[in-house]
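**Student:** Sequence:
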Amino acid sequence: MLILTPLFAREQIRVEYDNGLSTDYINITTIDDIPYFNILELNKALSALISIDVMDRRLFVELYKKRLIFLLDSPYLLDQNDLYNFVYSIVNLDGKYYIPQVFLERVMPVILPGEVSFDPFTRTLFAGSPVDRSFRTIIIDPGHGGKDPGALGYSGDHIKEKDIVLPIAFKIKQLVEDNLDVQVLLTREDDSMVPLHARSSFSNRNNANLFISLHCNAAENRSAHGIEVYFLSVAKTSDARAVEMMENAVVEKYETEEDAEMYYDDLTQILIDMEQAEHLKESSYLALKLQANLVNATGARDRGVKQAAFRVLEGVFAPAVLVEFGFISNREEERKLLNESYQDILAQAVFEGIRSYIHSYDLFR
Numbered sequence: 001m002l003i004l005t006p007l008f009a010r011e012q013i014r015v016e017y018d019n020g021l022s023t024d025y026i027n028i029t030t031i032d033d034i035p036y037f038n039i040l041e042l043n044k045a046l047s048a049l050i051s052i053d054v055m056d057r058r059l060f061v062e063l064y065k066k067r068l069i070f071l072l073d074s075p076y077l078l079d080q081n082d083l084y085n086f087v088y089s090i091v092n093l094d095g096k097y098y099i100p101q102v103f104l105e106r107v108m109p110v111i112l113p114g115e116v117s118f119d120p121f122t123r124t125l126f127a128g129s130p131v132d133r134s135f136r137t138i139i140i141d142p143g144h145g146g147k148d149p150g151a152l153g154y155s156g157d158h159i160k161e162k163d164i165v166l167p168i169a170f171k172i173k174q175l176v177e178d179n180l181d182v183q184v185l186l187t188r189e190d191d192s193m194v195p196l197h198a199r200s201s202f203s204n205r206n207n208a209n210l211f212i213s214l215h216c217n218a219a220e221n222r223s224a225h226g227i228e229v230y231f232l233s234v235a236k237t238s239d240a241r242a243v244e245m246m247e248n249a250v251v252e253k254y255e256t257e258e259d260a261e262m263y264y265d266d267l268t269q270i271l272i273d274m275e276q277a278e279h280l281k282e283s284s285y286l287a288l289k290l291q292a293n294l295v296n297a298t299g300a301r302d303r304g305v306k307q308a309a310f311r312v313l314e315g316v317f318a319p320a321v322l323v324e325f326g327f328i329s330n331r332e333e334e335r336k337l338l339n340e341s342y343q344d345i346l347a348q349a350v351f352e353g354i355r356s357y358i359h360s361y362d363l364f365r
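The working numbering applies: residue 1 is where the sequence shown begins, and numbers increase by one.
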């Protein structure tokens, strides 16, 4: 049986920052006479991002842009290819995870030598400036472009998906930047061809907090209509698989063989899957917000939130969704999608979804 005893405040670990931030403290708890601390203290004191994979028994901590993996119910920590042993196992008490204090004293200074040092005499952790986790950047991705027209309209091939989603993207950008303290970047601002992997790389280079890819749907069945929003996973329905195949076809049809081979090899996909898994909860939450807002604003058929393995979402290391605004292969929806007033309604609905998500942002930190 584990015995848990809070230590007195004088036993706390003091945290001093090199940028003059106010002194903070990491609370220490003894468990069977061994000093531990709650893993959430790293979030409070050092802005660490923390997530858990219960099935794989792993605790993920992103600290100073380094990704650490704690192996639950063990004394081991994995940092890339290096394995660290802090002797005492990680403990789970009432759903809270406690890490041995030795991690602060001996392991962190080794893993993060340029950011952290520990003085055992004053029991002080000297730390660099914590990573700024504030919500700053949204990437809006107008699908297709250039030689890739995307879906073609009911009226003929002069009606192109790429020409509909670009003005909607600009409208969303203006709404967000006029009303929220957030910058919006577009993956393309003109009729240019941008490879799918370049879109996700652009998002990662700019440390995006959100990625939203804009599209219009099409189907051989001209009566198909409605709005749907996707987040990344394996396609679970035949309709989802059809949309996935259509949107991913750009890789085979328009991207060079060199581009495709360079980015879509097996190892790259494994690494991407590991990173993306951390954002599925946020992505599904955002997708639900956008779907509800778009359907309520337009009165369009609700085709629901779905999952599919879109290439444009696979490389994005942030919450990411793909929006299908409607079917340009449907006569009535094509007419609406070409109407600027209707585009304003779509843009406003996406903006409202983004604003709602940002207001809930702290739930995911």
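The hints are simulated quantities; they were obtained by calculation from the structure and are not laboratory data. Any given hint might turn out to be false.
[Stated by the list, open to error] Listed next, the in silico BS3-like pairs over lysine-lysine satisfying Cα-Cα at most 25 Å (straight line): (1) Lys281 / Lys66; (2) Lys66 / Lys44; (3) Lys65 / Lys336; (4) Lys171 / Lys160; (5) Lys171 / Lys66; (6) Lys336 / Lys160; (7) Lys66 / Lys173; (8) Lys96 / Lys336; (9) Lys171 / Lys147; (10) Lys44 / Lys336.
**Student:** Each of the hints needs a verdict: does it hold here or not?
**Tutor:** Outcome of the hint check:
no. : hint            : verdict
1   : Lys281 / Lys66  : holds (21 Å)
2   : Lys66 / Lys44   : holds (17 Å)
3   : Lys65 / Lys336  : violated (45 Å)
4   : Lys171 / Lys160 : holds (18 Å)
5   : Lys171 / Lys66  : violated (36 Å)
6   : Lys336 / Lys160 : holds (14 Å)
7   : Lys66 / Lys173  : violated (31 Å)
8   : Lys96 / Lys336  : violated (51 Å)
9   : Lys171 / Lys147 : holds (24 Å)
10  : Lys44 / Lys336  : violated (48 Å)
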